[in-house]
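Enquirer: For the sequence shown, the numbering used here begins at 1 and goes up steadily by one.
FYI, nobody ran anything at the bench for these hints, they're computed from the structure. Check before you lean on any hint, since a few could be wrong.
Said to hold, decoys possible - Distance condition first, Cα-Cα at most 20 Å in a straight line; then the derived EDC-like pairs of lysine to aspartate or glutamate: (1) K124 / E103; (2) K117 / D59; (3) K124 / D109; (4) K148 / E134; (5) K124 / D76; (6) K5 / E114; (7) K55 / E114; (8) K5 / D76; (9) K117 / E46; (10) K163 / E177; (11) K163 / D109; (12) K148 / D158; (13) K163 / E30.
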Amino acid sequence: MAQIKPPQQVKLIVGMLSQLEELFTAAELEMFVRWGPIDIYSQVMEFDFTRYYKKQMGDSLLRKFVSFAELIDPADLATAKHQSNALESALAQTNIGRELGVERPINLDPGYIEPSKLVLASTKNYSHRIYIGESIYAECTLQFHQGKWESWPFTYPDYGSGKYDEFLSAVREKLLEQQSSQKPNT
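Construct the complete structure from the given sequences, taking the supplied hints into account.
Expert: Next comes the structure, spelled out in structure tokens:
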């Protein structure tokens, strides 16, 4: 019989979409309260891979990622998705959120990185997603293989483009450092 072992802790990340960088800053302050200090920030990038969000969020979207210093249990991803959804709703009710005049002024998508993959949370089921509890699904969006991030046939085009690889690799390297420092000395 195989011995059951607890999973290694992982690095929580959040991908953000909005028209306004000020909403990224507001979200970062609130996420700090929920998940602790942010240790890695991506640059702000134009998001022009799809028109999927236009109706809810408008045009000229920007993308930014953050990762959090404290490692989490991968089982906490469903709770993180609920917390990020609640934060999206709260930010939509702020003055800056209402001034944009769109239904969804910011999109917050949590996920985690472990050494071999990037996993994203979703409220939507599909053939490649696994139910993880609390009405949330997860998908392995990218794998880290032979020193680089690789996509799957179902990977979102922006993630598969390589545009985020620098950030994802920095988070992965930080995770490896943190995991190494947690191992007991023998």
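Enquirer: Which numbered conditions among the earlier hints are violated in the structure presented, ordered from lowest to highest?
Expert: When the structure is compared with the hints, numbers 2, 4, 7, 9, 10, 13 turn out to be violated.
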